[in-house]
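Protein sequences, first through last, are from chains U and H. Residue numbers for the first sequence follow numbering that gives the first Met the number 0, beginning at 0 and rising by one. Residue numbers for the second sequence follow numbering that gives the first Met the number 0, beginning at 0 and rising by one.
Hints listed in this document are in silico derivations from the structure and should not be mistaken for laboratory results. Heads up, a few of these hints could be off.
Where chains are identical, the list cannot tell them apart; a pair therefore holds if satisfied intra-copy or between any two copies.
To be verified - No farther apart than 27 Å at their CA atoms in a straight line, the calculated lysine-lysine pairs in the DSS-like style are these:
#: 1; residue 1: K175; residue 2: K95
#: 2; residue 1: K63; residue 2: K146
#: 3; residue 1: K127; residue 2: K199
#: 4; residue 1: K2; residue 2: K175
#: 5; residue 1: K41; residue 2: K93
#: 6; residue 1: K93; residue 2: K175
#: 7; residue 1: K127; residue 2: K2
#: 8; residue 1: K153; residue 2: K93
#: 9; residue 1: K108; residue 2: K63
#: 10; residue 1: K199; residue 2: K146
#: 11; residue 1: K110; residue 2: K57
#: 12; residue 1: K108; residue 2: K199
#: 13; residue 1: K199; residue 2: K153
#: 14; residue 1: K134; residue 2: K199
#: 15; residue 1: K2; residue 2: K41
#: 16; residue 1: K153; residue 2: K127
#: 17; residue 1: K175; residue 2: K110
#: 18; residue 1: K108; residue 2: K146
As the structure is a prediction and not an experimental result, all values here were calculated from the model.
Residue-level listing of the chains:
Protein chains: 2
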Amino acid sequence: MKKRGLLIVVSGFAGSGKGTLMKRLTGDYDNYALSVSMTTRKPRPGEVHGREYFFVTKEEFEQKIQDDGLIEYAVYVENYYGTPRAYVEEQMAKGKNVVLEIEIQGALKVKERFPEAVLIFVLPPSVKELYRRLKERGTEAEDVIEKRMHRAEKEADTIDRYDYIMINDEVEESVKRLHSLIEAAHFTPGRNEEFIRGIKDDLRTLWKGDH
Amino acid sequence: MKKRGLLIVVSGFAGSGKGTLMKRLTGDYDNYALSVSMTTRKPRPGEVHGREYFFVTKEEFEQKIQDDGLIEYAVYVENYYGTPRAYVEEQMAKGKNVVLEIEIQGALKVKERFPEAVLIFVLPPSVKELYRRLKERGTEAEDVIEKRMHRAEKEADTIDRYDYIMINDEVEESVKRLHSLIEAAHFTPGRNEEFIRGIKDDLRTLWKGDH
Numbered sequence: 000m001k002k003r004g005l006l007i008v009v010s011g012f013a014g015s016g017k018g019t020l021m022k023r024l025t026g027d028y029d030n031y032a033l034s035v036s037m038t039t040r041k042p043r044p045g046e047v048h049g050r051e052y053f054f055v056t057k058e059e060f061e062q063k064i065q066d067d068g069l070i071e072y073a074v075y076v077e078n079y080y081g082t083p084r085a086y087v088e089e090q091m092a093k094g095k096n097v098v099l100e101i102e103i104q105g106a107l108k109v110k111e112r113f114p115e116a117v118l119i120f121v122l123p124p125s126v127k128e129l130y131r132r133l134k135e136r137g138t139e140a141e142d143v144i145e146k147r148m149h150r151a152e153k154e155a156d157t158i159d160r161y162d163y164i165m166i167n168d169e170v171e172e173s174v175k176r177l178h179s180l181i182e183a184a185h186f187t188p189g190r191n192e193e194f195i196r197g198i199k200d201d202l203r204t205l206w207k208g209d210h
Numbered sequence: 000m001k002k003r004g005l006l007i008v009v010s011g012f013a014g015s016g017k018g019t020l021m022k023r024l025t026g027d028y029d030n031y032a033l034s035v036s037m038t039t040r041k042p043r044p045g046e047v048h049g050r051e052y053f054f055v056t057k058e059e060f061e062q063k064i065q066d067d068g069l070i071e072y073a074v075y076v077e078n079y080y081g082t083p084r085a086y087v088e089e090q091m092a093k094g095k096n097v098v099l100e101i102e103i104q105g106a107l108k109v110k111e112r113f114p115e116a117v118l119i120f121v122l123p124p125s126v127k128e129l130y131r132r133l134k135e136r137g138t139e140a141e142d143v144i145e146k147r148m149h150r151a152e153k154e155a156d157t158i159d160r161y162d163y164i165m166i167n168d169e170v171e172e173s174v175k176r177l178h179s180l181i182e183a184a185h186f187t188p189g190r191n192e193e194f195i196r197g198i199k200d201d202l203r204t205l206w207k208g209d210h
């Protein structure tokens, strides 16, 4: 029997390195698929439809909402962002773990709707290191960095609602650790209801019959 | 900083193979210690004080209870059985994961008192296989096997209260999987309160100071 994949929801502070981690995870192991979000915002130079995002019109997006075709969606700076359901379900049925890299509010909404989703919060090894990484990007003015740190401070309050934290110190090690976290998550009772129900049923009936 | 070990509580049906699994786990990896229970029952031929059990008198056991020297204890067929606290704490402080192989009632008591304990329920791949294993032991009469199956039926109702299930199909694979389950369990928010508190504090204060 093919093991069904899990829905893996990854969030983390800007500068936590979660993007790199996700690219490596989905590249290094073949049982992952990265979900591509749908948005109504215009593509930026270099962005490709179906790679960075599925770029659609407001009308198309609202139709998707009506059809219950999105796992979650949100409005951000007057644009819609959402996770198309079809791709996610298709990949999970194939046994792939589908990775959603989304904002905290979206992540918590997904968990409400899919309690078996695995929520992972990526953290830097320290706040000093977080600051250093934001600074190193070089493109950000000091006031932008300050904003991000403030935002991280608020986001930190939701860490307890995630299933796992992932301390992203060294990429090679972190990718391996992340993979084994996700493998382990397959073995909670809540993610094996069918198997457990089978064992219970058989304990009631099967062994009393033909051995 | 030395990572503190975890309290690992393992339960499972008679015939699930949990004993073998625990011996292999604590033998194959060096970051485990197997807790030895204390009991007032008499040693059986071949049993060694400090290996199978710490054999003590009723008075000694009751003194231990009074001194809060046991993590959990129970009475079974007029004898006391319990888990001495000192050894467990000492090993965990050294970074060892301490494995308790105990009954379900004891396991749930431990979880109440130590919410950060990792509860693992070992299951056979199928009920047919469970029956086959009990039969294969050869020492058990059919009515004893029947009793065990009945007991398993009741025990199955508590599976949902465990953190993980462990399907014990093939020992080599199962031991590895068990180890990686336990490694993963280190990374829940509840088992990293200190680290998370540190990050939160630093986000409030540190980065605003000296960079």
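Hints and how they fare:
When the C-alpha separation of K175 and K95 is checked against a cutoff of 27 Å, the pair qualifies both within a copy, at 17 Å, and between copies, at 22 Å. Proximity of K63 to K146 under the C-alpha cut-off of 27 Å is found in neither arrangement, the shortest distances being 33 Å within a copy and 56 Å between copies. In the homo-oligomer, the alpha carbons of K127 and K199 lie at most 27 Å apart only across protomers (12 Å), although the nearest pairing inside one protomer, at 51 Å, exceeds that limit. Taking the shortest Cα distances, K2 and K175 sit within 27 Å of each other both inside one copy (20 Å) and across copies (18 Å).
For the identical chains of this complex, K41 and K93 are neighbours neither inside a copy (32 Å) nor across copies (55 Å), given an alpha-carbon limit of 27 Å. Proximity of K93 to K175 under the C-alpha cut-off of 27 Å is found in both arrangements, the shortest distances being 22 Å within a copy and 25 Å between copies. Taking the closest pair of Cα atoms, K127 and K2 come within 27 Å of each other only across two copies (21 Å); inside a single copy the shortest separation is 41 Å, beyond that limit. Taking the shortest alpha-carbon separations for K153 and K93, neither the intra-copy value of 37 Å nor the inter-copy value of 35 Å comes in at or below 27 Å.
Within a single copy, K108 and K63 get their C-alpha atoms as close as 17 Å, which meets the 27 Å cut-off; across copies the closest is 48 Å, which misses it. Taking the closest pair of Cα atoms, K199 and K146 come within 27 Å of each other only across two copies (16 Å); inside a single copy the shortest separation is 53 Å, beyond that limit. When the C-alpha separation of K110 and K57 is checked against a cutoff of 27 Å, the pair qualifies only within one copy, where the shortest distance is 26 Å, while the shortest distance between copies is 50 Å. Taking the closest pair of Cα atoms, K108 and K199 come within 27 Å of each other only across two copies (23 Å); inside a single copy the shortest separation is 32 Å, beyond that limit.
Taking the shortest Cα distances, K199 and K153 sit within 27 Å of each other only across copies (9 Å), while inside one copy they are farther apart (44 Å). Within a single copy, K134 and K199 get their C-alpha atoms only as close as 56 Å, which misses the 27 Å cut-off; across copies the closest is 20 Å, which meets it. For the homomeric pair K2 and K41, neither the shortest alpha-carbon distance inside one copy (38 Å) nor that between copies (47 Å) is at most 27 Å. Within a single copy, K153 and K127 get their C-alpha atoms as close as 17 Å, which meets the 27 Å cut-off; across copies the closest is 52 Å, which misses it.
For the identical chains of this complex, K175 and K110 are intra-copy neighbours only, at 24 Å inside a copy versus 29 Å across copies, given an alpha-carbon limit of 27 Å. Proximity of K108 and K146 under a CA criterion of 27 Å is satisfied intra-copy only: 25 Å inside one chain copy versus 46 Å between copies.
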